[in-house]
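Now that you have both chains on their own, put them together as the hints suggest.
Listed in order, the protein sequences are those of chains R and B. If you use our numbering, the first sequence closes out at 476, no skipped numbers anywhere. If you use our numbering, the second sequence closes out at 158, no skipped numbers anywhere.
Just so you know, these hints were derived from the structure itself, not from any lab. There could be a bad hint or two in this list.
[Unchecked claim] Under the rule of at most 30 Å between Cα atoms (straight-line distance), these lysine-lysine pairs were calculated in the DSS-like manner:
| # | chain 1 | residue 1 | chain 2 | residue 2 |
| --- | --- | --- | --- | --- |
| 1 | B | Lys144 | B | Lys133 |
| 2 | R | Lys100 | R | Lys128 |
| 3 | B | Lys140 | R | Lys128 |
| 4 | R | Lys20 | B | Lys133 |
| 5 | B | Lys144 | R | Lys128 |
| 6 | B | Lys140 | B | Lys151 |
| 7 | R | Lys128 | B | Lys133 |
| 8 | R | Lys393 | R | Lys20 |
| 9 | R | Lys393 | R | Lys100 |
| 10 | R | Lys134 | R | Lys100 |
| 11 | B | Lys133 | R | Lys134 |
[Stated by the list, open to error] Residues on chain B that point at chain R, a partial pick, calculated with CB under 10 Å:
| # | residue |
| --- | --- |
| 12 | Asp15 |
| 13 | Leu44 |
| 14 | Ala103 |
| 15 | Gly135 |
[As the list claims (entries may be wrong)] Partial chain B-side listing against chain R, Cβ under 7 Å, derived:
| # | residue |
| --- | --- |
| 16 | Trp8 |
| 17 | Tyr14 |
| 18 | Ala20 |
| 19 | Met26 |
| 20 | Arg31 |
| 21 | Glu36 |
| 22 | Gln40 |
| 23 | Phe43 |
| 24 | Ala52 |
| 25 | Thr54 |
| 26 | Ala100 |
| 27 | Tyr111 |
| 28 | Tyr119 |
| 29 | Tyr120 |
Cβ coordinates follow ideal geometry from the N, Cα and C atoms, glycine included.
Listed below, chain by chain, are the residues.
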Amino acid sequence: MNINDYRRVMDRLVPTPELKESIMQKSPKNSILARRVVNGVLAAALAVACLFTAALAASPELRTAVLSFFRMEEREQVPSSSTAPERPDISQAEIGQLVKAQYIRMDSYRYGFSCGLLHDLAWSEDRKALLDYKFWEAKDNELIPVQVDMQTSQVDITHDGIHYLGEFWWFIRDGQLDFFTGDNRAWDEEGEHAWDWNFSFIPGRTDVLLLRLSTGTQMEYRESPFLYHLDTGDTEELFVGVDPDVLTESDGAIWSDNFQLALITGHASAQFPNGREWLYNRKTQTLTDVRTLGGVGADMAAFADDNTLILYDSGYDEDDILQAITFYAYDIPSGRVTKTLDSTPYYRDWGEHPSGVMTFGSRCVLISEEGQVQVVDLKTGNRSVLGGFTFQKGDDFMINPSGNKLLYFSMDSKTEGLGISQIGVVDLEKGIFFAFDREGYENLHEGGIGWDDDNTVSIRAHTLDNETHYLLVYQF
Amino acid sequence: MNQTCNTWQLEEAYDACGAAVYRLAMVYLGRHADAEDVTQEVFLRLICRAPAFTDGDHRRRWLLQVTANLCRDHLRSFWRKRVVELEDTLPTAAPEEREALDAVIRLPEQYRLPIHLHYYEGYSVAEIAQILKLGQSAVKMRLKRGRELLKIELEGSI
Chain R
1 MNINDYRRVM
11 DRLVPTPELK
21 ESIMQKSPKN
31 SILARRVVNG
41 VLAAALAVAC
51 LFTAALAASP
61 ELRTAVLSFF
71 RMEEREQVPS
81 SSTAPERPDI
91 SQAEIGQLVK
101 AQYIRMDSYR
111 YGFSCGLLHD
121 LAWSEDRKAL
131 LDYKFWEAKD
141 NELIPVQVDM
151 QTSQVDITHD
161 GIHYLGEFWW
171 FIRDGQLDFF
181 TGDNRAWDEE
191 GEHAWDWNFS
201 FIPGRTDVLL
211 LRLSTGTQME
221 YRESPFLYHL
231 DTGDTEELFV
241 GVDPDVLTES
251 DGAIWSDNFQ
261 LALITGHASA
271 QFPNGREWLY
281 NRKTQTLTDV
291 RTLGGVGADM
301 AAFADDNTLI
311 LYDSGYDEDD
321 ILQAITFYAY
331 DIPSGRVTKT
341 LDSTPYYRDW
351 GEHPSGVMTF
361 GSRCVLISEE
371 GQVQVVDLKT
381 GNRSVLGGFT
391 FQKGDDFMIN
401 PSGNKLLYFS
411 MDSKTEGLGI
421 SQIGVVDLEK
431 GIFFAFDREG
441 YENLHEGGIG
451 WDDDNTVSIR
461 AHTLDNETHY
471 LLVYQF
Chain B
1 MNQTCNTWQL
11 EEAYDACGAA
21 VYRLAMVYLG
31 RHADAEDVTQ
41 EVFLRLICRA
51 PAFTDGDHRR
61 RWLLQVTANL
71 CRDHLRSFWR
81 KRVVELEDTL
91 PTAAPEEREA
101 LDAVIRLPEQ
111 YRLPIHLHYY
121 EGYSVAEIAQ
131 ILKLGQSAVK
141 MRLKRGRELL
151 KIELEGSI
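Chain B on its own, in the form it takes in the complex (with noise of 0.2 Å):
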């Protein structure tokens, strides 16, 4: 069953998970002009190709989904470079903060998106998943790496 998205649903939705696609676009691309293009993307698909969904949390589970594709096409396009590097577009940040999140831009393409999906969207592996339609041992394997590199402090364990 196809789902209409109207005007006014548009807006909902993006009231609802546009900061999250943004955020995300950002830890992969790392640069606010790249994550406004591909918000941009993704809620242009929600309104031409979106599914009939079960409910919020699937609608957003979808537009990441979408966001990570499009983020990694966008990498692969020409003119980015392999490491990402932060724009300085975080004026209040302090310090630690803002060394935390050069820290996970930093990590290699394919840790910083399970590790943004789980510590801060709170995502378990198994909806890591299938948001980033990669196996479950693959996010498992995935995250470790990423807490390695980073040295998190860890509030819990996977």
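Just chain R, same shape as in the assembly (with noise of 0.2 Å):
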């Protein structure tokens, strides 16, 4: 056989146009698999809201505030010379004296960026091992770099008959933990990815993380947790006394802040197609279904504090995609619901649906048609309105890890990449909401924007020749 007559006939094999149409339109098919993305873009929303509360006074009485929008006259001029550096090199901008931006040059997108420190690490081959690491502190103009007391500890546990080895690397500075690990995967015998280990933080805490042991990908990914002691190695089980049946259904768990409480989420079934959840109390050991709490029939649930869930009940259309969403407070020691939003359309985005409710775990982001918005409390159904603002085409928004500021960015449809046009930060608890206009962000392409802690945001970047890349990292 000629390879050249394979290549010349799989150019020939192109999709027809109507597959583009029909993705553009995203009519996904009845399947459990599309439930499942959909109930996954909630659960991660929900998951934020999990392992952080948010901080606002609860009040017997619904409140709504109005948050009057600020569009600063200042401008950011978005930097994109495309001389890449021999090193990592930074620059500063304040932006109206409310934001203040550094801008990383980098040679490669190998850099990274977590703990308020840039990274350079090098692994081994197999990226098993951690061979070399540099760490700069980004402080006014300058790149300084910084030596950590970097740790190497290993995990070598057999859970379910599986044998989970191999090591991590860490360190704790300015009160900060941060962890770094390779690849983890295990294959089989066959060649075939078989098993995985990974973390997650623990909020609050740098004595422990949690160790998160699966099996399998996609539609089979199991997952198990356990707490990891830094300080001597041991692992503890977190799901004691937990049903069998349920854990070999787990896909994973969202924490309470106070580790007490487990949402535990179960992979989607004929019998259950969209999933299930349990409410798992660690003191207690008990298990309890999602569906049965406040008997609200509620499906997904998210932690708003250490006693307070939110109930999602979803509503469903005939091909079971998700429409609508009512909303509970669920008090757990007493047991008490409170309805905090009625059935509300369910936004995925502009071409589809340009408005209802955004979800971020104890709190939404409710877009009435004509594009007004106001965040709602789902607590306790307070709502703050944000005045002055219409939310238009290619506009987003982010919660912080916390929960009290929602990152607001606008996207540009014409450039490359994300395209983002302007940024800005509503803050629940100042009750204030501000934007400032980029300029020179088409010269960029701009992969992606999150962020990195409750108060930074941060935008990965290359030139267009893909010679330079950027992290472009703004304080608000």
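The following block contains the structure:
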């Protein structure tokens, strides 16, 4: 067989134009998988609020506050020099005395940024061993090399007949824990991906990490959580006493701040096509099906705080596509349930449904058909109206880890990448909402935006010729 | 850091990688309708679950990885035959080209994707290992065995 014949025939093999049209209209098939995708979005949103809780005071009566939108006069000049530096360098700008921006320019995308430090890690070829590392702290107009007290620890645990083994690296600096793991996947005799281990942070803790042992991928993904004690290397099983049938269905868990309660998520099945969730109490080792909580038939939940769940009662259309959600606050000690937002259409995107509700765990953003925006506290039902602001095509929101600030950004469809033309923050505690325009963003390919911590947003980008990489860091 | 994917990014991603996703699904499943279903699922995942990509190549690898996983799930589902037959969807292909495609499609499942990713997409062993979540030695072995089965006239060695 001549391989060029294969290449030529593959070149002829192209999808029909109708497929693109169908994808752009995002009309998912009536399948378990498709529904799990929607659930996945919600679950991800719920996860934010479960690990971190909002700090607004509850009020016995519903309140509506108005946050006036302030569009700053000052504009950001986005850097876009395509001259790649030999080593990372930094420049900075202050935007309207409200936002400090730092622009880190790099010759490669291998650099990372965590715990306020830029890092360059060198891994072994199989990515199982950390061979070398460099850290820099961004101070004013300088990247200052920083020495960290890097520790090496080992995961060595047998669970469910599988031996999870490997090293990881961590340090504590200025009271913050950071860790690095390589490729922890293991392979079965046929060379297939069989199992994996990894860590998550536990908010406020620098002595332990959440160790997640997993098997399988995609729909067969299963996960079991353990506490990993950094000083001893000891592990502690977190799902003691849980029904084995539930564990075999579990693909993850969401924890309360005090780590005493967990929402265990289960994969979709023929009987439960949208998956299942259980509330687990570590102290009493009891398990409750979320569908039974408060008698409202909710299919999903999120932690508002250590004593309160937000219950999501989702409504699906005849194709089992999520259409609307009703929200309830559920007081765990008393079992009291309060409806905080009645059935509201689910927002997908501008093209499909430009109004409705975006969920962020214990808060949601409510967009009216006219583009008016309210942020709803789903525990209290209190609302914050974003006055003087109209939600438009390309706009989006993203909540910070503590749930007290919303990142606002607007994307320009004419550019490559995200093309972020405007950035701002809704500070729900201070009651302010401001944003600034950006100039020169079209000269970069912006690949991602997100919160690094409660006050820091960063954008990953590279020049259009792909020669120079940027990390744009904003302190709000 | 999570990435937000909106309509125009979806279109840009589809224009850049849609055909590659579809071709990989065709190689795996052999049926146009199945390949389209999987392609649709892959881009739904891009909308909802995409990580922050470092560049276009990273995005392409991620899309092909998801395609491979979904195809595997699809093949494991009921009503699928173990041996995939190629539908007659290539009216203009020359006989030798058609034969080449048939030969790859008729390969056992484990050899099909490494062969396609290496000889058509041009990925290295390490990249294929990453995409298919296999060990590099497993990829090398599958390429070797696949080549033997196909009797490929090699242009170069791996």
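Now for the hints, and whether the structure bears them out:
no.: 1; hint: B/Lys144 / B/Lys133; verdict: holds (18 Å)
no.: 2; hint: R/Lys100 / R/Lys128; verdict: violated (37 Å)
no.: 3; hint: B/Lys140 / R/Lys128; verdict: holds (20 Å)
no.: 4; hint: R/Lys20 / B/Lys133; verdict: holds (28 Å)
no.: 5; hint: B/Lys144 / R/Lys128; verdict: holds (26 Å)
no.: 6; hint: B/Lys140 / B/Lys151; verdict: holds (16 Å)
no.: 7; hint: R/Lys128 / B/Lys133; verdict: holds (15 Å)
no.: 8; hint: R/Lys393 / R/Lys20; verdict: holds (21 Å)
no.: 9; hint: R/Lys393 / R/Lys100; verdict: holds (27 Å)
no.: 10; hint: R/Lys134 / R/Lys100; verdict: holds (25 Å)
no.: 11; hint: B/Lys133 / R/Lys134; verdict: holds (29 Å)
no.: 12; hint: Asp15; verdict: holds (8 Å)
no.: 13; hint: Leu44; verdict: holds (5 Å)
no.: 14; hint: Ala103; verdict: holds (5 Å)
no.: 15; hint: Gly135; verdict: holds (5 Å)
no.: 16; hint: Trp8; verdict: holds (4 Å)
no.: 17; hint: Tyr14; verdict: holds (6 Å)
no.: 18; hint: Ala20; verdict: violated (10 Å)
no.: 19; hint: Met26; verdict: holds (6 Å)
no.: 20; hint: Arg31; verdict: violated (12 Å)
no.: 21; hint: Glu36; verdict: holds (5 Å)
no.: 22; hint: Gln40; verdict: holds (6 Å)
no.: 23; hint: Phe43; verdict: holds (5 Å)
no.: 24; hint: Ala52; verdict: holds (3 Å)
no.: 25; hint: Thr54; verdict: holds (4 Å)
no.: 26; hint: Ala100; verdict: holds (4 Å)
no.: 27; hint: Tyr111; verdict: violated (12 Å)
no.: 28; hint: Tyr119; verdict: holds (5 Å)
no.: 29; hint: Tyr120; verdict: holds (5 Å)
Of the numbered hints given earlier, the model fails hints 2, 18, 20 and 27; all others are met.
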